[in-house]
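Colleague: Residue strings, one per chain:
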Amino acid sequence: MSELYELIPYLVLSITALASTISVYLAIIEKDLIKAVLYSAIQSTFYALIFYLLMVPDIVLVYIPVSVGLLPAILIIAVKKTEKYEDVTGISKTTSTIILTLVVIFTLISGYLLLLSHAITFAIFPSTDIRTLARWFLNTTLWWNRMFSAMSPESVTAIVWDYRGLDTYFETSVMYLAIIGALALARYIEIPKKMFKEEAMGMSIIGKMATRIMVPMILIVAVSIALHGHLTPGGGFQGGVTAAVTVSLLIFIFSVYFAARFFKINTAILLRIIGLIGIILAATITLIIGFLTGQQAYIFQNQPKVIAQIGLPYEIGGNLISGTLLIFNTSEFLAVVMGFAILFLLLSIPEENVMEVIRGEVE
Amino acid sequence: MSPIDFVLTVIGYILIGIGAFCQIVAGMGMNRFPNFFVRLHAATIAAIGGSFVPIIGCSLLALSFEELGDVRFFLAGGGFVAAVFLLILAPVGSHLLAKAAYFSKAAVLQPKVVDALEEDIRKGEVHE
Amino acid sequence: MMIVEYLTFFIPFYLIGIVMYVVRALKGPTIPDTVLSIDCLGYALAALLVIFSVYLQSPLIIACAIVLTLWIYALDVYMSKYLEKKELGE
Amino acid sequence: MIDVRTYLFTVTYVAILVNIVISLYGVFVRPNVIKKIIALSIFGDSIYVYSILIGFRKAEPYPVIPIMTTWQPSSEYISQFASTAVDPVPPALVLTGVVIGLAVMLFLVFLALQTYRLFGTLDIRKIVRMRG
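Line order of the protein sequences matches chains A, B, C and D.
Numbering follows this note's numbering, in which position 70 of the first sequence is assigned residue number 70; successive positions increment by one, without gaps.
Numbering follows this note's numbering, in which position 70 of the second sequence is assigned residue number 70; successive positions increment by one, without gaps.
Numbering follows this note's numbering, in which position 85 of the third sequence is assigned residue number 85; successive positions increment by one, without gaps.
Numbering follows this note's numbering, in which position 3 of the fourth sequence is assigned residue number 3; successive positions increment by one, without gaps.
The following block holds chain A by itself, in its conformation from the complex (with noise of 0.2 Å):
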């Protein structure tokens, strides 16, 4: 019975792992491209229960929406506006064989090499210790020095914003970068000025009614991941990305012309930036009380440190808030819930207004 126990996590990881290989497959076979995300979604799906089971909430968390969510709907919505079908005649037999030979033989060398760093036998289950500095790290995430401590219990986070604060800088800007190319993009393209009619627009009526019960509740789940991030998983992304769910139900069960009632594409850039000014103020806060009162402080500091005695206070009134934690997870989910907005909104423009503005610019 025990031994059961202890056995049944390792056996749903190998046979979701092998329906996440089948559909995988299916998913590059196919000819017709929707079925191809569709089989992708499940692949998404299987892969999500495979970070479920390996213990790590937080990436499921961010990986679900991301995978099964938001990058199915932009693909769809691709298909949609572009071919349905792939076209495969006059794929020569050779090249593909002599491609997959190629990929084999790489990915076989790279998975040993992969195996070599793991263990050096070919044990590749793992043992029962871990590297000496995921250890420092577990000991120190919540200890009673400050001066070597992030004071967050969520080691991740406590990574992710303390330990690697400049990685997160750059993630974000990444982020920034794509949106602005985006924008770019589809400069001169506006959303057409229609009224929103109830009847005409939109889906049927039982889906309108379930949204404007369900949207406050999805808010509300959103807010709470992301504000409880420094104490359960989750964090600004993952918040944000949750959020974002309601941005796109809008828009497609209502339709473009209703969410435009609420935020139109101008609005919610100005609130990215006033996100983005957040997380750059999280970054510095501590460098700029440094400035005011004299003392030595540095960028990306959050508790203080031996030489830099500065720090914000890690709890009010007996509420762990973390420092800068809590400010770095709020604007970030404001932006990333925002960066959504803007792509749906760009992508539910009509197609023909679309195309009378390109065809302006080729001529």
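Worth flagging that the hints you see were computed from the coordinates, not collected in a lab.
These numbers come from a predicted model, not from an experiment.
Here are the simulated distance ranges between beta carbons: (1) B/80 <-> D/77: 24 to 30 Å; (2) A/199 <-> B/2: 55 to 61 Å; (3) B/88 <-> A/135: 40 to 46 Å; (4) D/59 <-> C/6: 19 to 25 Å; (5) D/6 <-> A/353: 56 to 62 Å; (6) A/273 <-> D/77: 39 to 45 Å.
Below, computed lysine-lysine pairings styled on BS3-like, alpha-carbon distance capped at 25 Å: (7) A/80 <-> B/105; (8) A/208 <-> A/197; (9) C/85 <-> A/84; (10) A/81 <-> C/86; (11) C/86 <-> B/105; (12) C/85 <-> A/208; (13) A/80 <-> A/264; (14) C/85 <-> A/81; (15) D/126 <-> A/81; (16) A/35 <-> A/80; (17) A/194 <-> A/208; (18) C/86 <-> A/84; (19) A/81 <-> A/264; (20) B/99 <-> A/197; (21) B/99 <-> A/35; (22) C/27 <-> A/84; (23) D/126 <-> A/80; (24) A/35 <-> D/126; (25) A/31 <-> D/126; (26) A/197 <-> A/264; (27) A/84 <-> A/31; (28) C/85 <-> A/194; (29) C/85 <-> A/197; (30) D/36 <-> A/35; (31) A/80 <-> A/194; (32) A/84 <-> D/36; (33) C/27 <-> B/99; (34) C/86 <-> A/197; (35) A/193 <-> C/86; (36) A/35 <-> C/86; (37) B/105 <-> A/81.
The C-beta atom is built at its ideal place from N, Cα and C for all residues, glycine as well.
Fit chains B, C and D to the supplied structure of chain A, relying on the hints for placement.
Modeller: Quick look at chains B, C and D alone, frame taken from chain A:
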């Protein structure tokens, strides 16, 4: 174990057992029913019987599981929220899908006995 | 013996159900069949996630189930919008 | 005598390796741009799973998440937590990777849409043959 904890545990296990039964039934229905509109029945069983009921059962089980400490209330609350979301969203999703599939003629209605909706559309009583 | 160990008997049933849904999703002759099976698969996985969070005694990982439920519904909405003849924005 | 858990873990490992092979084949051979984007996203996801698999550990009965459940931990609690929690460094890396991957994919999809609007096709062989 206090009596109320015992009752919660038993109810939780019963609900999880009902869920397991519904999963098997829905899976068989999913594979053996002839076309899309009949498979919607199996989907209802899967969503409500197979997922909503065991999530509630797990929440009750977690409430009675005292080794977890105070965090078990977090588990139970999260489970109830997930169950409520599922209860509202799953039928609406099936409805939207069925409506879109019917009007776009994406699903084949093969063993067809009578299509009342089509007759109503022809008479002009219902429009899309 | 802990009370959660009896869950060992129930988890295989959920696994069999999930495998059946995958078979239908990969076999499904039309696109709505596939979407419907992904629906059932997602909700079954959400139930399995809640069961595993009790089973592995890690209560904090429950939020994943809520998020999975939400996004499976969103996938439904996207696909029904794809099947409809209207433009995406309307 | 091979442990059943080791065997099942190896099955997972090999299955993800096969996924990488298939997705790389899709990236190199299939002509449609959207199909290439799908294959590229599957490739990235498989690499993330590998990173997480490296951070897994063995613990009795099962490892716990790298998140404490109490706010005022005692030293015994911390040492017990550090001896059963999984490695928190790969999740932090993968978190960054997922976000950057999403950003790149979004930009690629927008580029593909623009390509279709300008060239009228998404077949990479036809696009390459066009000039100007």
